[in-house]
Amino acid sequence: MNRYARYRVAFQTILTKEVLRFSRIWIQTILPPVITTTLYYIIFGNLIGRRIGDMGGVSYIDFIVPGLILMAVITNSYANVVSSFFSSKYQRHVEELLISPVPNWVILGGFVVGGVARGVVVGIAVTAVSMFFTDLNIHSYGWTLTVFVLTSVLFALGGFINAIYANSFDDISVVPTFVLTPLTYLGGVFYSIQMLPEIWQQISLANPVLYMVNAFRYGLLGVSDIHIGLALVIILLFIAGLTGFSLSLLRRGVGIKS
Amino acid sequence: MNALSIHDLRKTYGNGFQALKGIDLEVARGDFFALLGPNGAGKSTAIGIISSLVNKSSGRVEVFGHDLDRDSEGVKECIGLVPQEFNFNQWEPVGEIVVNQAGYYGISRGEAWKRAEESLRQLELWDRRALMARHLSGGMKRRLMIARALVHSPRLLILDEPTAGVDIEIRRSMWQFLTDINRQGTTIILTTHYLEEAESLCRNIAIINHGHIVEHSSMARLLHQLHAETLVLNLREKLERPPELPGYRVAQLDDSTLQVVINRDQSFNDLFRSLSSAGVEVLSMRNKQNRLEQLFIGLVNASRQEMEE
Chain A
42 MNRYARYRVA
52 FQTILTKEVL
62 RFSRIWIQTI
72 LPPVITTTLY
82 YIIFGNLIGR
92 RIGDMGGVSY
102 IDFIVPGLIL
112 MAVITNSYAN
122 VVSSFFSSKY
132 QRHVEELLIS
142 PVPNWVILGG
152 FVVGGVARGV
162 VVGIAVTAVS
172 MFFTDLNIHS
182 YGWTLTVFVL
192 TSVLFALGGF
202 INAIYANSFD
212 DISVVPTFVL
222 TPLTYLGGVF
232 YSIQMLPEIW
242 QQISLANPVL
252 YMVNAFRYGL
262 LGVSDIHIGL
272 ALVIILLFIA
282 GLTGFSLSLL
292 RRGVGIKS
Chain B
17 MNALSIHDLR
27 KTYGNGFQAL
37 KGIDLEVARG
47 DFFALLGPNG
57 AGKSTAIGII
67 SSLVNKSSGR
77 VEVFGHDLDR
87 DSEGVKECIG
97 LVPQEFNFNQ
107 WEPVGEIVVN
117 QAGYYGISRG
127 EAWKRAEESL
137 RQLELWDRRA
147 LMARHLSGGM
157 KRRLMIARAL
167 VHSPRLLILD
177 EPTAGVDIEI
187 RRSMWQFLTD
197 INRQGTTIIL
207 TTHYLEEAES
217 LCRNIAIINH
227 GHIVEHSSMA
237 RLLHQLHAET
247 LVLNLREKLE
257 RPPELPGYRV
267 AQLDDSTLQV
277 VINRDQSFND
287 LFRSLSSAGV
297 EVLSMRNKQN
307 RLEQLFIGLV
317 NASRQEMEE
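Protein sequence lines, in the order shown, are assigned to chains A and B.
At position 38 of the first sequence (counting the first as 1) the number is 79 in our numbering, and the numbers step up by one without a gap.
At position 127 of the second sequence (counting the first as 1) the number is 143 in our numbering, and the numbers step up by one without a gap.
Be a bit skeptical, because a hint or two may be false.
What the hints assert, rightly or not - Think about it this way: if two alpha-carbon atoms lie no more than 27 Å apart in a straight line, the pair counts; the simulated DSS-like pairs of lysine-lysine are: (1) Lys58(A) <-> Lys130(B); (2) Lys157(B) <-> Lys130(A); (3) Lys298(A) <-> Lys37(B); (4) Lys157(B) <-> Lys58(A); (5) Lys298(A) <-> Lys157(B).
What the hints assert, rightly or not - Just some of the chain B residues that point at chain A, by a computed CB distance under 10 Å: (6) Asp24; (7) Asn71; (8) Ile95; (9) Gly96; (10) Phe102; (11) Asn103; (12) Gly119; (13) Tyr120; (14) Gly122.
Stated by the list, open to error - Using C-beta positions, here's what the derived DEER-type ranges look like: (15) Glu89(B) <-> Leu80(A): 45 to 51 Å; (16) Ser209(A) <-> Asp183(B): 31 to 37 Å; (17) Ile76(A) <-> Ser124(B): 37 to 43 Å; (18) Thr77(A) <-> Ser124(B): 22 to 28 Å; (19) Tyr45(A) <-> Gln200(B): 27 to 33 Å; (20) Leu277(A) <-> Gly30(B): 34 to 40 Å; (21) Trp67(A) <-> Asp183(B): 55 to 61 Å; (22) Ser299(A) <-> Asn279(B): 20 to 26 Å.
These are calculated hints, taken from the structure and not from any lab test.
Heads up, the beta-carbon is just placed ideally off N, CA and C, and yes, glycines get one too.
Please work from the sequences and hints to get the whole structure.
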């Protein structure tokens with residue numbers, strides 16, 4: 042068997058294992074974001090949104106749909122990889138991979154695509170829920186899918202790096218709680234940055250999530266606070282940087298080898 | 017070509033502890049090799065480096081001609097590892113654990129299930145393939161790790177204390193299993209604290225202590241170094257006092273048990289002739305201490321004294 046055929050089987054094995062893992066515990070992985078997002082639609086979209094009126098040229102509930110879908114994708118792609126890889130370190134079954142002839146890029150790819158798979162499943166579920174509250178007329182399918190997948194990849198990579206450095210279960214909840222959630226909430230999910238004073242608009246531009254939410258909103262609704270080309274470049278740069286960093290950590294065995 | 021060649025292997029951990037201080041080791045293909053040493057001697061570090069779980073500080077490792085630095089995938093393809101501690105996903109079914117491991121070696125799922133069935137049947141775990149691994153007993157978990165290590169048919173199987181905490185019946189069946197796969201051509205490196213296990217299974221041996229190899233020879237040659245053996249004899253008749261046996265050190269353990277020290281240059285025939293002349297009839301006989309254990313303690317103590325000097 043040639044080397045690449047062997048890598049393909051190894052990749053499929055890691056991916057299948059990841060998908061089975063989050064599918065087995067769907068009550069913990071798939072259901073909660075669906076319930077949370079439903080509550081957001083009811084409270085912010087319907088009850089409060091009716092009094093807010095339009096935002097960015099669309100109704101408020103339409104405005105928050107892209108952000109809420111992307112927020113679920115970001116959280117779940119990240120959570121899947123960080124919990125799965127840290128658990129494999131904690132129970133030491135990461136050693137099954139380390140002793141096998143699987144290159145680091147296949148290990149990284151397997152876990153990241155596993156995270157993307159959960160992000161996609163949750164994203165589809167949350168999108169289905171949004172259909173009950175609003176009529177989605179997708180502006181650009183290609184753009185929507187591109188931003189959806191790339192954002193998921195980016196945060197799956199983030200989860201992987203978090204898991205590499207984590208030494209306890211506390212360590213895998215610190216970043217989502219103190220970094221990811223604030224960045225997401227301040228990333229223009231619920232408001233347009235045009236509403237902010239000039240200085241806060243400038244500060245908001247340093248938040249990478251803002252670019253993803255706006256790029257995704259452009260794909261769905263055709264409206265955005267920022268230049269979408271710039272958003273794509275920023276997402277791709279982050280992916281390239283985090284991929285290189287993850288591979289370097291794996292090569293040096295940081296957090297997984299003595 | 018050797019199954020394993022190690023040259024000047026060194027490992028210093030981040031805290032400054034030197035676990036390996038330049039070891040050299042050769043294991044021939046087809047060998048059943050014992051790597052022994054007291055706790056903290058460096059055995060697990062050496063095994064960790066060979067199996068890519070620990071980064072070496074310097075030195076060279078070759079497995080069946082594949083250099084660990086230049087061709088780590090080639091090295092990994094040759095090795096199956098049964099580690100000291102359980103390192104599988106406890107929340108995964110037994111069969112899946114073995115099949116996934118095969119997948120990491122590029123074995124397709126269909127073929128992996130065939131191989132998993134074969135190795136799980138051999139180790140009497142096939143009936144439990146759907147059971148979550150955490151529900152297995154300690155002995156079954158050890159056998160699961162052996163089945164997992166064999167699923168890609170490795171040329172070199174490394175077992176780090178595979179029978180620790182396993183009852184004697186299962187231990188014996190594992191010995192038989194390992195002997196069989198060694199006969200079929202798999203090279204085996206075994207670390208164990210049961211020296212009886214090493215003596216009965218292994219043909220060659222290395223003893224490691226404080227990061228140095230203090231002995232590296234064949235088991236037969238090593239045992240030949242033993243100058244004296246202490247025998248415990250069970251007697252038919254009760255004795256009031258120990259018999260006079262010129263040339264032998266004799267002690268009476270109880271009224272029907274004698275302890276006799278026999279030197280390497282003394283024969284058993286002479287001993288039994290002396291016992292018969294003294295009117296002592298022997299019902300059974302055993303070594304007081306495992307022979308390898310006697311040597312092991314001697315070698316480890318000698319190396320400790322050398323270090324202190």
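Are Ser209(A) and Asp183(B) spaced within 31 to 37 Å by their CB atoms?
Taking Cβ atoms as reference, Ser209(A) and Asp183(B) lie about 35 Å apart, which means the hint holds.
Interface hint compliance - Asn103(B) to chain A, C-beta minimum distance less than 10 Å
holds, 4 Å
Does the CB of Phe102(B) sit less than 10 Å away from some CB of chain A?
This interface hint holds because 8 Å falls under the 10 Å limit.
Between the beta carbons of Trp67(A) and Asp183(B), is the distance compatible with 55 to 61 Å?
Given a distance of about 40 Å, which is not inside 55 to 61 Å, the answer is violated.
Holds or violated: Lys58(A) to Lys130(B), with C-alpha atoms at most 27 Å apart:
holds, 19 Å
Just tell me: holds or violated, for the beta carbon distance of Leu277(A) and Gly30(B) against 34 to 40 Å?
Given about 36 Å between the Cβ atoms, the range holds.
Hint says 45 to 51 Å; check whether the CB-CB distance for Glu89(B) and Leu80(A) agrees.
Hint holds: Cβ distance 49 Å, inside 45 to 51 Å.
Is the interface hint satisfied for Gly122(B)? The criterion is a beta-carbon contact with chain A at less than 10 Å.
holds, 3 Å
If you check the beta carbons of Thr77(A) and Ser124(B), does the distance land in 22 to 28 Å?
violated, 40 Å
Decide if the proposed pair is consistent with the structure: Lys298(A) and Lys37(B), CA atoms, cutoff 27 Å inclusive.
Holds, at about 19 Å.
Interface restraint verdict for Asp24(B) against chain A (beta-carbon cut-off 10 Å)
Where the cut-off is 10 Å and the nearest Cβ of chain A is about 19 Å from Asp24(B), the hint is violated.
At the C-beta level, are Ser299(A) and Asn279(B) separated by a distance inside 20 to 26 Å?
violated, 46 Å
Consistency note: the structure conflicts with the earlier hints numbered 6, 18, 21 and 22.
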